[in-house]
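Number of protein chains: 2
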Amino acid sequence: MNAVIIAVGSEMLTPTRVDTNSLFLTEKLNLLGVEVVQKMVVGDQKKHLEAAIRNGGELAQLIILTGGLGPTEDDLTREAVSAATGRALTYDRSLAEALEARFAAMGRKMAEINRKQAYVLQGAEVMQNPHGTAPGQWLRLPDQQILVLLPGPPGEMKPMAEAEFFPRLERILPPLALSTLTFRLTGMGESDLDQLIAPVYKQYENPVTTILAKAGDLTVHLRAQAKTKQEAEARTAELGGKIEALLGQRIYSRDGSPLEAVVIEKLVARGETLAVAESLTAGMLGARLGGVAGASKAFLGGIIAYRGLQKEMLLGVAGKAIAEHTEVSEEIARQMAVGARQRTGADWALSLTGYAGPEGGTEANPVGTVFIGLAGPAGPVRVSRFRYPAGDRDRVRSFAVHSALNLLRLALLKGES
Amino acid sequence: MNAVIIAVGSEMLTPTRVDTNSLFLTEKLNLLGVEVVQKMVVGDQKKHLEAAIRNGGELAQLIILTGGLGPTEDDLTREAVSAATGRALTYDRSLAEALEARFAAMGRKMAEINRKQAYVLQGAEVMQNPHGTAPGQWLRLPDQQILVLLPGPPGEMKPMAEAEFFPRLERILPPLALSTLTFRLTGMGESDLDQLIAPVYKQYENPVTTILAKAGDLTVHLRAQAKTKQEAEARTAELGGKIEALLGQRIYSRDGSPLEAVVIEKLVARGETLAVAESLTAGMLGARLGGVAGASKAFLGGIIAYRGLQKEMLLGVAGKAIAEHTEVSEEIARQMAVGARQRTGADWALSLTGYAGPEGGTEANPVGTVFIGLAGPAGPVRVSRFRYPAGDRDRVRSFAVHSALNLLRLALLKGES
Chain A
12 MNAVIIAVGS EMLTPTRVDT NSLFLTEKLN LLGVEVVQKM VVGDQKKHLE AAIRNGGELA
72 QLIILTGGLG PTEDDLTREA VSAATGRALT YDRSLAEALE ARFAAMGRKM AEINRKQAYV
132 LQGAEVMQNP HGTAPGQWLR LPDQQILVLL PGPPGEMKPM AEAEFFPRLE RILPPLALST
192 LTFRLTGMGE SDLDQLIAPV YKQYENPVTT ILAKAGDLTV HLRAQAKTKQ EAEARTAELG
252 GKIEALLGQR IYSRDGSPLE AVVIEKLVAR GETLAVAESL TAGMLGARLG GVAGASKAFL
312 GGIIAYRGLQ KEMLLGVAGK AIAEHTEVSE EIARQMAVGA RQRTGADWAL SLTGYAGPEG
372 GTEANPVGTV FIGLAGPAGP VRVSRFRYPA GDRDRVRSFA VHSALNLLRL ALLKGES
Chain B
12 MNAVIIAVGS EMLTPTRVDT NSLFLTEKLN LLGVEVVQKM VVGDQKKHLE AAIRNGGELA
72 QLIILTGGLG PTEDDLTREA VSAATGRALT YDRSLAEALE ARFAAMGRKM AEINRKQAYV
132 LQGAEVMQNP HGTAPGQWLR LPDQQILVLL PGPPGEMKPM AEAEFFPRLE RILPPLALST
192 LTFRLTGMGE SDLDQLIAPV YKQYENPVTT ILAKAGDLTV HLRAQAKTKQ EAEARTAELG
252 GKIEALLGQR IYSRDGSPLE AVVIEKLVAR GETLAVAESL TAGMLGARLG GVAGASKAFL
312 GGIIAYRGLQ KEMLLGVAGK AIAEHTEVSE EIARQMAVGA RQRTGADWAL SLTGYAGPEG
372 GTEANPVGTV FIGLAGPAGP VRVSRFRYPA GDRDRVRSFA VHSALNLLRL ALLKGES
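Read top to bottom, the protein sequences are chains A and B. Just add 11 to the spot in the first sequence (first one is 1) and you have the working numbering. Just add 11 to the spot in the second sequence (first one is 1) and you have the working numbering.
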């Protein structure tokens, strides 16, 4: 089954408010095997809302509306659904009495406008709202299309969905098993990744494959449906196996874990520790490592040497080397990594020096160039040179942090020391 | 003018991703007097996207699409707009060459699929993308309807919108005088702020006042419209003056600058420098300071002392003091700040030690407790104790970084040394 979610309310068309109800609904719908094919945010105008309901009806069997069930003149969801479906709104006396009783229980008299909330679409089932005055509605049309009206405030919508909407939906859905598989990987561009695996995943409509990219970090997500759990798992395993064979060691996690958590986990398993020496990233790598709960089992800390003199004072980099090679160079990255290892007592150290921009850079090493040093328990320091697209300071820094973590991951994977 | 925003990408129909591009776009559109009447999120299916463009066209004169301009088979925005408008896609050789040059500059060969990004709708103007490979397009139809194609990644979409989309739009819109005023402030909660200033701003329908809150950082935004610039400015000045009188020194910027930029600017003006000593934040404060372009004029660097032993090794904190007071204590924050100043040669130092959670904490200092030390050129180190809501590790750390920056700002404001 496909679904369309329509969030109703002009306030969600301002620069500061976003519809989050749909995220909650989507999570549960997906688990029931229902795919959300479109989301809309519509203002408090009956004509627009009516059109949205009609348009949604052409895409999906299930139309979910959140919001617009209040008592004021702006609350037009009931009227719009009535207009779009041709179902009359009828006054439900017992619902009105329940509303009155609700106000009375709070020692208040119900305002006349609240009577509006007692109108029900012909043929609809009322869904109780223990947390507010707006009752929900469940309307199943003869053509099997389903319209669901839920209140807008999450504190009212969520309990109603759990208690009244999802159970109704479950009863009419064919039993369906789902299986998902997630690969996270790095070390290649989004288009290179797609070029590599598209010939494989395009052969499958089920599982559905999605690719996400963010600052050098890639996620491949597979989701399969089937009649039995076993069959669904076999489907993701089959395609997943083929993708895995193509990507190999570029995959750093299969459970959604971020790269820094994978690195920490590997270090903890080996009983080894890590320190950082950061120039252009100024603490970004440390902050990411420190964001992993329990990171202190492997992450010791390090040095932020933003200026040249601090590279000398805090890391023991030779002033002469800076004068000779400049701060952004293979040699300085090497000395920074060595210094970080020595001064913290860590087994491993990662160092970063580069030009984030907008200023700085040389002809040989323009803005976007970053040298990353990796010092380990044995062997010489390895320095890698990266060149990221210039233009966005924070993007260069994020890319560099990601590359650094991946260099260490690959070294640990090889069992290097 | 009315606008519809269509975010393209199946990943935004999952339970974890939300379209935020539309918030950025809406803010600027509102400033230009354009009202957003509907937002849609559409998956990577040409038929659905084509229908969404047609439906949007019935509601608004301006249709903005974000996303789906990449090189993969999932990227169908160009094709869908072509189908919905009847405008052919033609291969733009010079655009293809520019793309190839972009890859060459990074030392890579362009993948064949990237050629897809060189197709332009007949009659459209190309909008340059300095931050990615997806060019944007601006298409004005004879019936005055406008279709705008922007890339999905915010880091590409925002600069393109600023440089190429908004200026084009401004040229064709009737002149409307607007005035905005932004106060950024910290040191109080969102509801306390609202309680304080609502009695004043509720008296005005024009300017419109909005309040935004994020991890201890608050923004009050006023927007006035009028026939003349002078009149609009008088409106924001009148309400702005009243709000400013209520908030005083809590306001840290009036031009939208973030707190770290304000601190760097004040330090540069005084010719003074800053270092950091971070435990729970593990580099987050340094990374924020280093994110300010030109930060190196005042920010030297510092030490990430994640574990106790590294506080001794890198900052000279006394092991005895750790044993006596524990790592999360006023005394250790004090010694960390002193150590950071001494070892870096900075005029000022900020230190942070605390419990981010989920584990750790004591009865006296539960999870969420952070000690922040501030050492300056003269006078004793001042240590402040903060208690943030526990539960979200990154939130505690973000709050702490924000508090630290504000402590230094207030000290610099008082002209302290």
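None of these hints come from the bench; they were simulated from the model. Any given hint could be a false lead.
A pair counts as met if it fits within one copy or between any two copies, since identical chains are not told apart.
[Said to hold, decoys possible] Cut-off 20 angstroms, straight-line C-alpha distance, at most; resulting in silico cross-link-like pairs (SDA-like, lysine to any residue):
#, residue 1, residue 2
1, 225, 29
2, 225, 174
3, 120, 400
4, 57, 69
5, 58, 193
6, 127, 425
7, 213, 150
8, 169, 26
9, 127, 324
10, 39, 183
11, 58, 237
12, 169, 28
13, 225, 144
14, 225, 267
15, 425, 116
16, 39, 26
17, 425, 398
18, 425, 372
19, 127, 202
Checklist entry - Which of the listed hints are broken here? => result 2, 5, 6, 7, 9, 11, 15, 17, 18
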